[in-house]
Structure formats: C-alpha cells, structure tokens
Amino acid sequence: MSKSGILTSIYKALTKQKAFIALIIMMIGMLFSKTNFYSAYNLLDMLNSTSILLILAFGVTFTIISGGCDLSIGGNLVVAGILAIKLLDVMPIWLAILIAVLFGAVVGFINGFLVVQQKTEPFIITLGMGLLLTGVAQQLTDAHPLPAKNPNFMMISNGDFHGIPNLVIIMLVCFGISYWIMRYTQFGRNLYAIGGDYEVARYSGINVIRTKWIGFVLSGVAAALAGVLLSSKLNTGSPVYGETTALVVNCGVVVGGTSFAGGIGGIPQSGLGLLVFGMLDNVMNMLEITSYYQVLLKGAAIVAIIWMDCFANKRKREAV
Amino acid sequence: MEEKKSVLKAGASLLRDYLVLVMIAFLVLITAIIEPKFLSGSNLVNIMRQFGPLVMVSLGMTFVIIGGFIDLSVAGTINLVAVVTISLIQPMGQLPALLIGLALGIVCGALNSILILSSGALTQAEALFLTFGMSTVYSAIALLYSHGSTMHFWDISASKSIFESIGSGNIGFFSVSFVIFLVLLAILWVFQSKTAEGRAICLTGGNKTAARLSGIQVSRSIIEIYVIGGFMAAVGAIVLFSRITTAAPVIGAGYETSAILAVVVGGTTLKGGKGSVLRTVMGVLLVVLMSNCLDLLGVSSYMQYAVKGAILMFAIWLDNRKQA
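So the protein lines, in turn, are chains A and B. The first sequence runs 1 to 320 under the numbering used here. The second sequence runs 321 to 644 under the numbering used here.
Since the hints were made in silico from the structure, they are not lab data. Watch out, some of these pointers could steer you wrong.
[Unchecked claim] Below, simulated PhoX-like cross-link-like pairs (lysine-lysine); rule was C-alpha separation at most 25 angstroms, straight line:
#  : chain 1 : residue 1 : chain 2 : residue 2
1  : A       : LYS119    : B       : LYS594
2  : A       : LYS119    : B       : LYS480
3  : A       : LYS316    : B       : LYS514
4  : A       : LYS119    : B       : LYS642
5  : B       : LYS329    : A       : LYS119
6  : A       : LYS316    : B       : LYS329
7  : B       : LYS591    : A       : LYS314
8  : B       : LYS591    : B       : LYS514
9  : B       : LYS325    : A       : LYS314
10 : B       : LYS642    : B       : LYS325
11 : B       : LYS591    : A       : LYS119
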C-alpha cells in the first residue's frame, strides 16, 4: 500500500470513530492547561468514576445492537441499589446482591416481553418502565438517601487491589465477558444479524425473539449490577440517578458508533463513547467550569453527536 | 351464533376505542363513593386549574406525535420561557414580556425542527435523543439566565394584571386559563381537521416517503409541528407560573413524560399519522383526574409516578395491539 493509501485509511477510520477524535481533542487541549490532568491519580480516578456508566453501557449495547434500546436502566439502577441496601439488614451480602441482580433480570425480562414478544416500540415503553421504577425507588426510600449499615458492603466499590480500584477491576471483567459474548458466541453474532435485518435473520433460522429477549435481560442484569456497585460506592441508596442517566448512557453508546439503526458497533466502541462523557466531566471539573455551564456543554455535546449520527445515517440511506 | 360473535367483537372494539371515557367514568364513580369531597366545588375548581398547563403542553405534543416524531424538549422550553418571561415583566412591562415569552417558545420549537431537518432524522428514536439534548441545553440556559434562583410575583412592583388573571381570574363560571384553553383548542382543532396543512401533517406522520411523493412538503410539516409544540409549551409555561406565582428554572421537569402519557392514553398512536386534539383532551382529563383521585385517596406522590409509568406502558401496549 502506498503511503497516501495508509493515510486515507487512517483518516477514514478516524472519521468513522467520532468518540476517538473527541478523546484526542480533549487530551491535546489538556496539554496546554496548567492542571494535573495527566497525573496517574487523576486518570485512574476518571476511569474509576466512569466505571459504573461503562457497565451500564455494556449492557445497553446488547439491546441497541439488535435494533432495540433500553431507557429503563436508570430506574433499574436505583431500585436495585436500594433493594441491595435494604436486604443487607436481613441477609448476607452475597445473597442481597444476588437478589438485586435477579430483580434486574426480571425487569429486563418484562422489557423484553413488551418490546420483543409484543413488538412495541422500545423507546417510549422503556421510558415508561424507567418512570415506574423511579417512582418505586422514591417510595422505598421516602425520597431520602438510605445509609447502609454493613461496613463490609462499602468495601466492594471503595476497596482496591494493589492500587487498582475494585470498581475498575469489576468493570474490566464485565468488559471481558460482554466482549467475549458479543464477539465469539453464536448468540452475539445472532444479535448483529437481527439488528442488521430482522426479517433476513428470521428467515435464516435464528430464533429472533428469544435472542433479542435475552439481550434485554442482559441489559437489566448489567443495570442492576451497576446499581449495587453505585450503592456500595456511595454507601447509600438514593433515588436521584433516574431518567437522565439512562438517556446519557444510551447517547454515549451511540457516540461510540453503535447506531440505533442496529447491527453496527460493539462493546469496545460503547466503552469509548462513555469515556468521552467521563473525560468531559473530568476536564470540566479540572478547568473549574461552573456546574450550569457544565450542563450546557454536556447538552450541546449530546446534540452535536446525535446530529452527526443522524447525518451519517442519512448519507448511508442516500448512498444505497 | 356467528352474529353473536360479531356483536361481541364490535362491542370489544367499541370499548377499546372509548376506553378512556369508560375509565374516566369509572374513576370518578369510585372516588366519589369512597371520598365525597371529590365532587365538592373547591375540588372541581382545583382540577380545572391543574388541567391548564398540562393540556396546553399536551395539545402541542399531539401534533408532534401525529407527525411521527417526539419532543422531549418541552421541559427545557417551559423552564426557559418561564424564567425569561417573569424576569421581563419588571423592565419591559407585562404585554411585551408575554409576547417575548411566546416568541421564545416558537424559537425553541423552530430550533428543534432545524436540527432535525438538517440532520435528516427520520425516526422517532433520533428525534427523541436530539430533543433530549436540546432540553438539557434550554434548561442550562434557563439556569444560567436566572442564576439558579426562583423568581416570585411579589418581587415585581410593575403591573402584572394579565398574569394574575391568567393564574386566578374567572370569566363567569370558568377560570381564565380554561377559556384560553377552549379558544386554543378550537383553533388547533380547525387547523388539524379542516385545513390542508393539518392533513399534510397526518400524512407525513403516516408515511414520509408516500407523503413526499404525493407532493406534500414534508420539511414544512416538520417545522410546523415543532413550532406548534414549542408555542404550546410556552403557553403552558405562562399558565403554569401564573398559577403558582413563582418561576424556578426547574419548573417544567416531568412535563414531557406527562404530556406523552396524556397523548398516548387519549388514543393518538405513537406510530404517527392518526389521532386528534380532542382525544388528547380526554387523555389529559384522565391523567389529571387520576392524580387528583390518588391525592384524595392518600396515595403518595412517589407512588403516583409509578402508576403513571405503568399506565404509560399499558397504553402503548394497548395501542400496539390495536394497530396490529
């Protein structure tokens, strides 16, 4: 390949991967600021605080790849977290966590039933589920933060293993498992096929309903796990991380290049997409931007990125 | 035998079409029996006032949904319009403040439609996330503009009679906000069902390609639905802050889901192309009555969220069965 050929292929890969460009721009920008952005402590802290969002994103990717979407993860996250803290009083830690995660699986199962089996539009119906679960979370805690009584529970998210925070390790394990499922199992490949073309996948003998359904269950499980970890990190169960978390995570997945059209993307891309939001938060804190401007910049970033995604879809449609 | 079956079937479909009315009647009956206070004059006035802001927002949302899109930005629009309008009463006088508020709503709506048109978004999902982002942007501007503080009527020394009468005035038996609602409903109903523009919106929602091929300007319809949505959100914002006499930059939170809920419960399909503003009015009535009944029955406001979510899911599921 000639030199210019390599350059154009690099250029193509970069324009395809918007999240990567955004990350590089931010990193270059931070070179010129007089902050300790590049300290190992800060970079690890950034990864640590993005971990929960990343776990959420890995789960949601299963639904988006197959042409769905899950906006109930925010509600699922808070209810599972509160449930774990409430159950801690009466049972050992591992059982409380297991029940909370099973709860997430049940929520995912119901979402799957409505979206996949009954063939409703996923967007508004999962938004409704999120609303329902947020209400339940507020009822469970009377809208107050609920402290955990067992000190060992807190160590799950706040402990570290030879200097690496537990949360980052758990996140990496989740990444490994979901990457393996997506890339190397028949189930994962079937999800891509279903997202690419539902009818074609059905006619080629894939059990489309079951496969897509399991995707929703996985999303629910990941959301519940993230909820438990969040509760452990804050050592409280709180109902305030509702709807916006869901929308931000779904946006982040799209930022990474997983399209709502389905069939395109993957777990690493989703991770990159969420890292953009994580780094944006970190950079804005480093530069001491006031919180209202942070909201503004985040909103503008979401609009700009989704706009580009829509525009790319349009170009693709016209090219066909 | 066959005849009996078809009668049953017709009965079932009739019930499905008028489910909302049946549910309203059922709800009123049950609550009136359990809690006689429900039918008292002060409670009915209370319902009429609660009805005002939500019905305005929902009427606008109806057009967006009929057009095959969705608008999550109404919460942000309400926040922005409320704080800007209330802050302008003192320096500019009440009429200019009112007009600027309404114009701001139109600008917000137009901005949404420009984003959607320029990106070529066709699906509800794309519109959902774009307008969610815009909602965040509008809310952030509202926060920056007001410095996060709540503004009160009693801090304004200039005349604010228009807003006071919108908030608590009466014309005969009806409240002023109810009369405004009736006028706007009549205009929107005529626009939707009697004009070519209104039908073009329906066709756009039904099938965009078919609409374009039959000579309808799809982009014009999209601009219209979002401008109506933004304008009605602005009207809702003004009615809302006039009633509660304060405007915080988070005043509109939750209105987007309530409005979608009301539209879908009323029977306008999320798939676009079908529906009417009159159905939405029924949907809003059901939502408002429901929260009033639940209040009277002592259900906590948190649980009401959960009930709303459940009803939203049920309504979409039902709508989906109807379309299939």
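Taking the hints in turn, this is what the structure says about them:
For the hint linking LYS119(A) to LYS594(B), the alpha-carbon distance of about 19 angstroms falls within 25 angstroms, and the restraint holds. Distance hint between LYS119(A) and LYS480(B) is unfulfilled; the C-alpha atoms sit about 51 angstroms from each other, more than 25 angstroms. The suggested pairing of LYS316(A) with LYS514(B) is violated, with an alpha-carbon distance near 38 angstroms, which exceeds 25 angstroms. Pair hint LYS119(A) plus LYS642(B) holds up; C-alpha atoms about 12 angstroms apart against a cutoff of 25 angstroms.
At most 25 angstroms may separate the alpha-carbon atoms for a hinted pair to count; LYS329(B) and LYS119(A) meet this at roughly 23 angstroms. Using a Cα cut-off of 25 angstroms, the hinted pair LYS316(A) and LYS329(B) is violated, with the two alpha carbons roughly 45 angstroms apart. A C-alpha spacing of about 20 angstroms is found between LYS591(B) and LYS314(A), which places the hinted pair at or below 25 angstroms, so the restraint holds. For the hint linking LYS591(B) to LYS514(B), the alpha-carbon distance of about 22 angstroms falls within 25 angstroms, and the restraint holds.
With a CA separation close to 48 angstroms, the supplied pair LYS325(B) and LYS314(A) exceeds the 25 angstroms bound. With a CA separation close to 19 angstroms, the supplied pair LYS642(B) and LYS325(B) stays within the 25 angstroms bound. Of the supplied pair hints, the one linking LYS591(B) and LYS119(A) holds, its CA atoms being roughly 12 angstroms apart against a limit of 25 angstroms.
Violated hints, in rising order: 2, 3, 6, 9; the structure is consistent with all others.
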